[in-house]
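**Q** Residues per chain are reported as follows:
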Amino acid sequence: MAKEIFMPKLSSTMEIGTLLQWFKEEGDQVENGEPLFEIMTDKINIEVEAYDDGVLLKKYFGADEEIPCNFVIGFIGKEGESVPAVSPGIAGSDSNSNEQAPLEVETKLESKESSESNTVTQSGKVRATPAARRVARDEHVKLQLVQGSGPKGRIQERDVHEFLLNTSTDLRISPLAKKIADTEQLDVATLTGTGLNGKIVKQDVTDALKSKQKPVEVAALKTRKKLSGMRKVIAERMQQSVTTAPHVTLTSDVDMTKVKDLRAQLKPIIEKQTGLNLSFTEVIIKAVGNVLSRHPKVNASLIGDEIVFNEEVNVGLAVAVEDGLMVPVLKNVDIKGLSHLTVEAKDLAKRAREQKLLPDQMKGSTFTVSNLGMYAIDAFTPIINLPETAILGIGRIQDKPVVINGSIEVRPMMVVSLSFDHRAVDGAPAAEFLTELKRVLENPFELLV
Amino acid sequence: MREITYLEAIREAMSQEMRQNEDIFILGEDIGVYGGAFGVTRGMIEEFGPERVRNTPISESAIAGAAVGAALTGMRPIIELQFSDFITIAMDQIVNQAAKLRYMNGGKGKVPLVLRTPSGSGTGAAAQHSQSLEAWLVHIPGLRVIQPSNAYDAKGLLKAAMDDDNPVIFYEHKLLYKTKGDVPEESYSIPIGKADVKRKGKDVTIVATAMMVHKALEAAEELAKEGIDVEVVDPRTLVPLDEETIIQSVKKTGRLIVAHEAVKRGGFGGEIVSVIAESEAFDYLDAPIKRLGGLPVPIPYNPHLEKATVPQVADIIEAVKETVHF
Numbered sequence: 001m002a003k004e005i006f007m008p009k010l011s012s013t014m015e016i017g018t019l020l021q022w023f024k025e026e027g028d029q030v031e032n033g034e035p036l037f038e039i040m041t042d043k044i045n046i047e048v049e050a051y052d053d054g055v056l057l058k059k060y061f062g063a064d065e066e067i068p069c070n071f072v073i074g075f076i077g078k079e080g081e082s083v084p085a086v087s088p089g090i091a092g093s094d095s096n097s098n099e100q101a102p103l104e105v106e107t108k109l110e111s112k113e114s115s116e117s118n119t120v121t122q123s124g125k126v127r128a129t130p131a132a133r134r135v136a137r138d139e140h141v142k143l144q145l146v147q148g149s150g151p152k153g154r155i156q157e158r159d160v161h162e163f164l165l166n167t168s169t170d171l172r173i174s175p176l177a178k179k180i181a182d183t184e185q186l187d188v189a190t191l192t193g194t195g196l197n198g199k200i201v202k203q204d205v206t207d208a209l210k211s212k213q214k215p216v217e218v219a220a221l222k223t224r225k226k227l228s229g230m231r232k233v234i235a236e237r238m239q240q241s242v243t244t245a246p247h248v249t250l251t252s253d254v255d256m257t258k259v260k261d262l263r264a265q266l267k268p269i270i271e272k273q274t275g276l277n278l279s280f281t282e283v284i285i286k287a288v289g290n291v292l293s294r295h296p297k298v299n300a301s302l303i304g305d306e307i308v309f310n311e312e313v314n315v316g317l318a319v320a321v322e323d324g325l326m327v328p329v330l331k332n333v334d335i336k337g338l339s340h341l342t343v344e345a346k347d348l349a350k351r352a353r354e355q356k357l358l359p360d361q362m363k364g365s366t367f368t369v370s371n372l373g374m375y376a377i378d379a380f381t382p383i384i385n386l387p388e389t390a391i392l393g394i395g396r397i398q399d400k401p402v403v404i405n406g407s408i409e410v411r412p413m414m415v416v417s418l419s420f421d422h423r424a425v426d427g428a429p430a431a432e433f434l435t436e437l438k439r440v441l442e443n444p445f446e447l448l449v
Numbered sequence: 450m451r452e453i454t455y456l457e458a459i460r461e462a463m464s465q466e467m468r469q470n471e472d473i474f475i476l477g478e479d480i481g482v483y484g485g486a487f488g489v490t491r492g493m494i495e496e497f498g499p500e501r502v503r504n505t506p507i508s509e510s511a512i513a514g515a516a517v518g519a520a521l522t523g524m525r526p527i528i529e530l531q532f533s534d535f536i537t538i539a540m541d542q543i544v545n546q547a548a549k550l551r552y553m554n555g556g557k558g559k560v561p562l563v564l565r566t567p568s569g570s571g572t573g574a575a576a577q578h579s580q581s582l583e584a585w586l587v588h589i590p591g592l593r594v595i596q597p598s599n600a601y602d603a604k605g606l607l608k609a610a611m612d613d614d615n616p617v618i619f620y621e622h623k624l625l626y627k628t629k630g631d632v633p634e635e636s637y638s639i640p641i642g643k644a645d646v647k648r649k650g651k652d653v654t655i656v657a658t659a660m661m662v663h664k665a666l667e668a669a670e671e672l673a674k675e676g677i678d679v680e681v682v683d684p685r686t687l688v689p690l691d692e693e694t695i696i697q698s699v700k701k702t703g704r705l706i707v708a709h710e711a712v713k714r715g716g717f718g719g720e721i722v723s724v725i726a727e728s729e730a731f732d733y734l735d736a737p738i739k740r741l742g743g744l745p746v747p748i749p750y751n752p753h754l755e756k757a758t759v760p761q762v763a764d765i766i767e768a769v770k771e772t773v774h775f
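Here the protein sequences line up with chains A and B, keeping their order. So the first sequence is numbered by the working numbering: it starts at 1 and just counts up by one. So the second sequence is numbered by the working numbering: it starts at 450 and just counts up by one.
Some clues are possibly wrong.
Keeping only pairs whose Cα atoms sit at most 25 Å apart, straight-line, the calculated SDA-like set for lysine to any residue is [unchecked claim]:
(1) B:651 to A:336
(2) B:700 to A:149
(3) B:701 to A:336
(4) A:210 to A:149
(5) B:770 to A:158
(6) B:701 to A:134
(7) A:331 to A:443
(8) A:125 to B:608
(9) B:739 to A:443
(10) A:152 to B:647
(11) A:336 to A:351
(12) B:674 to A:158
(13) A:125 to B:771
(14) B:739 to A:133
(15) A:152 to B:738
(16) B:700 to A:279
(17) A:142 to B:722
(18) B:608 to B:651
(19) A:125 to B:729
(20) A:438 to A:273
(21) A:142 to B:729
(22) A:125 to B:728
(23) A:152 to B:674
Ranges of calculated distance between the beta carbons of each label pair, as one might list FRET restraints [as the list claims (entries may be wrong)]:
(24) A:184 to B:731: 52 to 62 Å
(25) B:731 to A:210: 55 to 65 Å
(26) A:149 to B:764: 42 to 52 Å
(27) B:701 to A:149: 16 to 26 Å
(28) B:714 to A:322: 35 to 45 Å
(29) B:636 to A:149: 29 to 39 Å
(30) A:81 to B:667: 52 to 62 Å
(31) A:81 to B:670: 47 to 57 Å
None of these hints come from the bench; they were simulated from the model. Glycine included, every Cβ here is placed at the ideal spot set by N, Cα and C.
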């Protein structure tokens, strides 16, 4: 009997996954353990392996479709085995429950196009005669767009001619014009070509770009991108946090002179031990962990109608990745040494940027640190990573004149910004936490105690 | 214009030239009173005498060797081989001597001989007397290879062959000897290396040689009734090959079929196809190229099987339809 392939549930918060790509076609042989498809969850991109040997009999969904966890997305079985025409719904449910399959999924099935024509072969190459290719080349036609009428969908010369006749002239564009238009994100469909047979040439594009300066034209030139995957998750999370948690942000100036000294002294030692560079982030995280362990109210999570005081001190570290943000978690920060933290923080940041974080490395944070110190940012109002109680924003370290014992001195100063959820904690305990953090950072040798 | 046969056109070309040029003589087996295996030289010994129309022993190697020697010493011999299959026996003299001596002597010597010989199947002459081995000779630098397909071309090209200072292999086709065509009475020459478009068309190009030219033209007539406009190109000389005419034709039609009687495997058709694939005509191809050639078997004696071994009109029609319709 054919085995179900379903959208895996990779974390307790995962409810839906986006199918990024299949690695196999229907009819392909699949081996147990072979990567079968790739999905994106709210936290991570991951390749899903096959659990069975056999032939991939059916794919119910294509790339970019969102599928609920445990929903059947395909079948593996023996060659020729019959499978339902539409997904039977949640995996493990018996066949009588077919009708329980959510309606929203059925509507998506309609968009699945059947590919009868083999014009584009499985390797992605277009089947076209040399003559068709010549005409396409001369006329700047993308053969992928042309429907072939020859054997096996082969594109003949006349198909390209027909395509040209049926295509509005404003899509004819010289390669240079196309390149400029692409770079400038200019929609060529809005242009009128002045070249041969109405072909859009460089002049047309540059003219359009000049007139683009006028505000009237701007509206027509916006590019659009569907909110999906990580971007969508971030949007939902931020919205939810801001609307449910009353944010209050406290800021404080910290004199980083001693942290600088500490770092300068430890750096060669840690580099010798680990080969890695101790950065301010790790020292700050260590200090945060140390202080958090004495301020359980700030290390708490508001879940439902309960405030949960977390025993572990796990600090999430916001890492910017391409088109988004990831928050890998450094666990038990309060009891780990700086050398250990350096190794772990560097590894997590690297994995985040390469999208190779394991689900476990993204769970369980009790507090988050967001560092914008590499930019010209002094203070900001970070948004809390719910259900945590607070988040700390780190600004840049900058030499500033400060008054020490009645005289002005230049000191490396840094602003820390603490946003807290006023439902879970009040201003005084949050201020106590931040004050103590400032004191620890200004006297970092306390960390050794 | 006067109509004569292919065979008569060849005889006339030789006779006219021999009257003009004392250096020319013919040698071969039974070419005297008997007139040769197919009667091409019939009557020539009476006009030119046994000195210039020489019967030889049955040794193609000796005939070819004698001709090479005569040519080197200033004569312009014409060899007749009874069947082109026997060229294998003359091969060493042709390939290792005739083809090379002009080059090896830095041009100081030359071998102006013509080797005339009938090729092809269709006469019930079986495996050892029916082959088309032109591809063997085409491969040898220093030789010219000619395959006339009608009486007019045969006379004009034989004149050009006799005038040429290089050894020329002149392939006649057994089935063509009796075909008639308009041939001028006076002597004329057709340049070696110039193809002839035997029929103009716009849908598909058939490059055909010797007997296949006629089959292709017959197929073209049939196909015209269905609205398919076939162009038939006859290269006439395989070496040197008029690539330009073939390329221009394929650029026009976008489709190519090559037809020859010789075995398809390793046949000259592959050369023509390669020329097109390497040329600017490649970009004009709108269908895969097809080759029609003999089956890779010795020509059978049984007349039905003999026919089945080489491409026929129906095969050409089918190939054209596959290429044109899609």
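**Q** Each hint should be assessed against the structure and marked as holding or not.
**A** Outcome of the hint check:
1. B:651 to A:336: Given that 25 Å is the threshold and the Cα spacing comes to 84 Å, the pair is violated.
2. B:700 to A:149: This hinted pair holds, its Cα atoms lying about 21 Å apart.
3. B:701 to A:336: This hinted pair is violated, its Cα atoms lying about 80 Å apart.
4. A:210 to A:149: violated, 42 Å
5. B:770 to A:158: holds, 17 Å
6. B:701 to A:134: holds, 14 Å
7. A:331 to A:443: Satisfied, since the Cα-Cα distance of roughly 24 Å is no more than 25 Å.
8. A:125 to B:608: Violated, because 53 Å separates the two Cα atoms, which is more than 25 Å.
9. B:739 to A:443: Roughly 87 Å separates the two Cα atoms, so the pair is violated.
10. A:152 to B:647: Violated: residue 152 (chain A) and residue 647 (chain B) sit about 34 Å apart, past 25 Å.
11. A:336 to A:351: Satisfied, since the Cα-Cα distance of roughly 20 Å is no more than 25 Å.
12. B:674 to A:158: At roughly 23 Å apart (the allowed maximum being 25 Å), residue 158 (chain A) and residue 674 (chain B) satisfy the hint.
13. A:125 to B:771: Holds - the C-alpha atoms of residue 771 (chain B) and residue 125 (chain A) are around 24 Å apart, at most 25 Å.
14. B:739 to A:133: Distance of about 20 Å is within 25 Å: holds.
15. A:152 to B:738: Measuring from Cα to Cα gives roughly 17 Å; hence the hint holds.
16. B:700 to A:279: Given that 25 Å is the threshold and the Cα spacing comes to 69 Å, the pair is violated.
17. A:142 to B:722: violated, 28 Å
18. B:608 to B:651: violated, 33 Å
19. A:125 to B:729: Measuring from Cα to Cα gives roughly 22 Å; hence the hint holds.
20. A:438 to A:273: Roughly 29 Å between the alpha carbons, so the hint for residue 438 (chain A) and residue 273 (chain A) is violated.
21. A:142 to B:729: holds, 22 Å
22. A:125 to B:728: holds, 23 Å
23. A:152 to B:674: Given pair residue 152 (chain A), residue 674 (chain B) is violated - Cα atoms ~28 Å apart, limit 25 Å.
24. A:184 to B:731: 52 to 62 Å: violated, 37 Å
25. B:731 to A:210: 55 to 65 Å: violated, 43 Å
26. A:149 to B:764: 42 to 52 Å: Cβ of residue 149 (chain A) to Cβ of residue 764 (chain B): about 26 Å, so the range 42 to 52 Å is violated.
27. B:701 to A:149: 16 to 26 Å: Since residue 701 (chain B) and residue 149 (chain A) have Cβ atoms about 21 Å apart, the given range 16 to 26 Å holds.
28. B:714 to A:322: 35 to 45 Å: violated, 57 Å
29. B:636 to A:149: 29 to 39 Å: violated, 54 Å
30. A:81 to B:667: 52 to 62 Å: holds, 55 Å
31. A:81 to B:670: 47 to 57 Å: Since the Cβ atoms of residue 81 (chain A) and residue 670 (chain B) sit about 55 Å apart, the hinted range of 47 to 57 Å holds.
Going through the hint list in order, the structure does not satisfy hints 1, 3, 4, 8, 9, 10, 16, 17, 18, 20, 23, 24, 25, 26, 28 and 29.
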